[in-house]
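Residue strings, one per chain:
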Amino acid sequence: MNQSAPDPAPVLALKGVSKSFGAVRALQDVSLQLFPGEAHALAGENGAGKSTLIKALAGVHRPDSGEVLLDGEPVVFHGPADARDAGIAVIYQEPTLFPDLSIAENIFMGRQPRRALGRIDRKAVHATTAGLMRRLGVDLSPDRPARGLSIADQQIVEIAKALSFDARVLIMDEPTAALTGSETARLFSVVQTLRAEGAAVLFISHRLDEIFELCQRVTTLRDGRWISSEPLEELTEDDLVRRMVGRDLDDLYPKQEAEVGEVALSVHRLTREGVFRDVSFDVRRGEIVALAGLVGAGRTEVAQAVFGVDRADAGEVKVGGTVLRPGSPTAAMAAGLALVPEDRRQRGLVMDLSIERNIGLTGLDEVRKRGLVSRALEHDRAADWAVRLQLKYNRLADSVGVLSGGNQQKVVLAKWLATGPAVLIVDEPTRGIDVGTKAEVHRLLSSLAADGLAVLMISSDLPEVIGMADRVLVMHEGRLVAEIPRASATEESVMAAATGRNERAAA
Amino acid sequence: MTTTIESPPDTAKAPQRSASSLVDAVFRAREISIAGALVLLILGTYLANPLFLSDQGVKDLLLNASILVLLAVGQSAVVITRNIDLSVGSVVGLSAFACGKFVAGTDHGVLTVMLLGIAIGVVCGLVSGALVSFGRVPALVVTLGMLYIIQGIDYWWAQGEQISASDVPDAVLGLGSGSLLGVPYLPLISLVLLAATAYFLRSYRSGRELYAIGSSPEAARLAGIPIRRRVLAAYAFSGAVAGFAGALWLARFGTVVADNAHGWELTVVSAVVVGGVAITGGTGTVWGAALGALLLTTIGSVLVVLKVDSFWQGAITGALLLLAISVDRIVNLRMTAALRKRSARHDHGA
Amino acid sequence: MTTAPDTKTAPASRASLVRSLALRWDTAVGVLLVAVLVVGLGSTDGFGSSENLAFAFNDIAEVAIIALPMTLLVVAGQVDLSVASMLGLGSALTGALWEAGWAFETIVPVVLLVGVAGGLLNGWLVTRVGLPSLAVTIGTLALYRGLASVALGSDAVTDFPQTYADWAVDTTTVPGTFLTYPVLLFIVLAAVTAVVLHATGLGRSLFAIGAQEEAAYFAGIRVKRIKLLLFVVTGLFSAFAGVIFTLRYGSARADNGLGFEMLVIASVLLGGIDFDGGKGTLFGAVAGVLLIGVLKNLLTLNDIANEVQVIVTGLLLVASVLTPRVIATVVERRHRRAANTPAPQST
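Keeping their order, the protein sequence lines are chains A, B and C. Read in order, the letters of the first sequence are residues 81 to 587 in this note's numbering. Read in order, the letters of the second sequence are residues 11 to 360 in this note's numbering. Read in order, the letters of the third sequence are residues 1031 to 1377 in this note's numbering.
No lab work stands behind these hints: they were computed from the structure. No residue lacks a Cβ here, since even glycine has one placed at the ideal position from N, Cα and C. Check before you lean on any hint, since a few could be wrong.
Pairwise CB distance ranges (calculated) [claimed, not checked]:
1) A:R425 / C:V1361: 16 to 26 Å
2) A:Q426 / C:G1078: 32 to 42 Å
3) A:D318 / B:V341: 50 to 60 Å
4) B:G184 / C:G1078: 54 to 64 Å
5) B:V337 / C:F1134: 34 to 44 Å
6) C:L1143 / A:R199: 21 to 31 Å
7) C:F1134 / B:R239: 55 to 65 Å
8) A:A394 / C:G1131: 35 to 45 Å
9) B:L53 / A:G211: 23 to 33 Å
To give an idea of the chain A side of the interface with chain C (calculated C-beta under 8 Å), a few residues [unchecked claim]:
10) V389
11) R427
12) D445
Footprint (simulated), chain B over chain A, 3 or more residues, beta carbon under 8 Å [what the hints assert, rightly or not]:
13) 175 to 183
14) 190 to 201
Please model the complete structure; the sequences and the hints are all you need to start from.
As structure tokens, then:
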């Protein structure tokens, strides 16, 4: 790898920045320096504060204290436009485009080239966009609406946007999470070009190999605090993991041995056209089965089809031997299925409702007395589970919105465990929650499995997959491509299957 | 892996290109299909009764449509931002009466009256817009409240009084009855405003930003668009147009009472929605909205010409609106599904 | 850096403060209602007479009855603008069928069935076709009013027998009270609706759907079925309100209740039901309806013009959404200032 010594003047820097959201201290006294021509990695676990840091740089959040320095001068970004005008481009993990507008308009919104009288120069917009697409090596029509673009293509649009205003700083939040191998290679070559032209790049990825491949320096965050900033040359992957986790991995993944019983969930040839196809697997009582793969591989979609919130085009789902009526979450719940969804804020919880009402929502028939909902029963049910999961809260009548991410996740778990499920599907169970709660969730899942629950765990967190699962199923581009037993599951073997590396070698 | 990665070869994405032109076609189709329906309707009626397309018939049709077209243009600007303005009917009423009161028995010029109407409309629009954008309260509720307030002020002021045509200066009435090369002024005014608005929404940054706000408020925020200012401006525009329409109402009919255009707000919203401006914002053009207004007006005229009971008009309007939005929605769903399967096939083929 | 021990609880108490202030809007409307009643009794002769009270409440019976299912719809994040048109259709059908010589006992169930059918159409378009309820019901607003015109034209049917009309007019009251039968019916329905909204699983589901439909669906709540049911009930109540209206005025016309949809929605929102869904109490909605009714009566008795009543309605409506928002903003500001001052950077 080619590393030049960083230019002594940082183009963008954070100095002693802190930011809190209610009770959650997302960032505490964090500093960071980005130099021109440097690709800088930002490492840390889920919930370490990486996203908040990015949003502080992007002008989305204003720090509670501390400074943002641009070319050494303190600046205050009053909004994303200020950051953009300062030459900072951000590519979020989930791009935010205008679905109704064309690709060209998405790229130039708010700063279209103009002709006389302030009119938009549509030809220039179109031509420049076409040029950007050529430069990026993709064949997307500038006039195509953004609606329906794949995540990879949406990211291309975001990168084109950054290119279009010659960004001096390019910030990328897990840009490769949803990309295939060739798409990632394409992205990296673009980034290298930008870097060679003197741009500073801040790169976030959960894949350590990518960090080592692309970047020269790394800053590590843990629990919202700055841990280290150092050249990557001097680090090994293990060093980096130790800085990120800050404790022994064994603590974090307290996997108990459990007796594996009969098949609890059986999925047979499940297909949803254009999303996933021909997916078959079993989950037995006492087992934790991980469903691994890249973002966009179709894992969440499989879980949703199994639970019935999405309709499958073909195939069947059996719980305890009985075939589920497709497309009916109610039937799935009655059969003993429970789904803890990935998107906690949109799908897992009703944020405006209280803790007790959220927990009561899955058992409206059980908290009844003489046909009417009994507040006492509802409260008891919630209080019972709050104690069992060691929920930290003020009053059960408080809205769940005031809880920290980890405690919100506990509420979602409580809401589903209260239904007494036979099969628990958890989608990214520890995303965005602090390390302490993460270990608690793992301990909980492990002990539930030991008690005979069948657990299907979707996770993008490879150490979690390796640490918790009895078996790992791997999906790639809508297909189940590998089943790896605990003994032979390593980050490398899972990643190889998830990126379809076997396929690519053959191609 | 090596660092010297060649620019990857262009992956053939032919299916996407054809899918995109398909999508384009569907988006354009909305205006085209309404225009088509309009032509068929006019043609069919003409065949049944040639008088429908007599000079006078056409003139009446255009005159009847012009005020609704104006209001539809103003309303579109608001609806595109994912908001709604229910107060327009009341604003027309207030403006028409105020202008009438102002000119009655005087010889004020046309321009003064029009400016007065616009000024009244702007004030109403700014109040609604400020409440929606800076007060962050739901548009429907606020503009419903404004509907009542403006209507109440109007009635209270009028006290049942009527301004009759004989009080209105001839110059003002001339604007409503006169014509240029045989085409009445009113439709010409509507057309000019329509074309100007369409051009603005298409070719100016702030115009495009209205679409951006309606399409994704979150993305608009990240793109640094001044959302509140733009929404406020959209309401001010809608108000101005409604106030202007009130002044034109006076010029057209001469006789005004307080409850002119009472209940028009829903007709205007119907026209806009029939014309393909999604109530959820972000899509549609003012041309479509104007066509929607023209279509609704034409149906009314056609029923008269064909001697169909005028009682059917409301039912047909409603059914048409439901049909338009349902077809639009179903086509959209099909398109999305087709795109999903198409891109899937493409991915699996790679 | 030190962590103050109370930072954990501060945001929670702030949120609950904001919430209780927002929730208190329905109480505020209740208090306002009582205040208006008291002022009315003290200042206006004849306001407290049982004849006047019977008249005042009977006068808003239809709006009040329709406001009940409307409350449920708005809590679930939906709206139905076609209610007044359905009232008109119910009235027109009653007239047309009566003129055609049908027995009144047959007419009522037929009208109710039409109400159910209208509600089904609204609900079907919203839940199956997936259209926004606002757009759908603007369409059916025109459609149902149009069908009313088709059924009865511009005629008025007035020759209803006194025996039926007596049931609805304000001169007939439940013995010993000032309650008319339509108002009594409203009270019974309001009690049932309150129980449904606040003490059943269905009610809990409505709040969840209104606050976050996707989360409700992921919790196994049958979102579509429930929404469909709400539209059907709204159609049913609206059609029945059409029958009451017809009998009360002794006149069936296609344009009966024109514009009532706005009044119904205004009442519901005035009572603090959040138009974005997920928040509100039935008590608030009922207080909102009664407040509008009582104010109207009081202003009329004091010879204050109808126009002023309209302005007052509009102002109340704007205030009902703006006040809680302003209070929340002020509280938040104050909290932020309080949070910022004692935390100077020590590092």
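| message | Between the beta carbons of D318 of chain A and V341 of chain B, is the distance compatible with 50 to 60 Å? | response | With a Cβ separation near 56 Å, D318 of chain A and V341 of chain B satisfy 50 to 60 Å, so the hint holds.
| query | Would you say the C-beta atoms of L1143 of chain C and R199 of chain A sit inside 21 to 31 Å of each other? | reply | Given about 58 Å between the Cβ atoms, the range is violated.
| Does R427 of chain A pass the interface hint, meaning its C-beta sits closer than 8 Å to a C-beta of chain C? | holds (5 Å)
| For the stretch 190 to 201 of chain A, do at least 3 residues have a Cβ located nearer than 8 Å to some Cβ of chain B? | holds (count 7)
| said: Looking only at beta-carbon atoms, does the pair A394 of chain A, G1131 of chain C fall within the given range of 35 to 45 Å? | reply: violated (58 Å)
| said: Quick check on the hint: V389 of chain A CB to chain C CB, less than 8 Å? | reply: V389 of chain A check passes; min Cβ-Cβ to chain C is 6 Å, inside 8 Å.
| field | Per-residue hint verdict: D445 of chain A, partner chain C, C-beta under 8 Å | value | For D445 of chain A, the interface hint holds, since the closest Cβ of chain C sits about 6 Å away, which is under 8 Å.
| message | Using C-beta distances, would you say chain B covers the stretch 175 to 183 of chain A, given that this needs three or more residues below 8 Å? | response | It holds: at least three residues are needed, and the stretch 175 to 183 of chain A offers 6 whose Cβ sits within less than 8 Å of chain B.
| Regarding G184 of chain B and G1078 of chain C, is the given constraint of 54 to 64 Å on their beta-carbon distance met? | holds (58 Å)
| message | Taking 16 to 26 Å as the stated bounds, is the beta-carbon spacing between R425 of chain A and V1361 of chain C within them? | response | The hint (16 to 26 Å, Cβ to Cβ) holds, given that R425 of chain A and V1361 of chain C are roughly 23 Å apart.
| Range hint 34 to 44 Å: satisfied by the CB atoms of V337 of chain B and F1134 of chain C? | holds (41 Å)
| query | Is the distance from the Cβ of F1134 of chain C to the Cβ of R239 of chain B consistent with 55 to 65 Å? | reply | For R239 of chain B against F1134 of chain C, whose Cβ atoms are near 59 Å apart, the range 55 to 65 Å holds.
Checked against the numbered hints above, the structure violates hints 2, 6, 8, 9; every other hint is satisfied.
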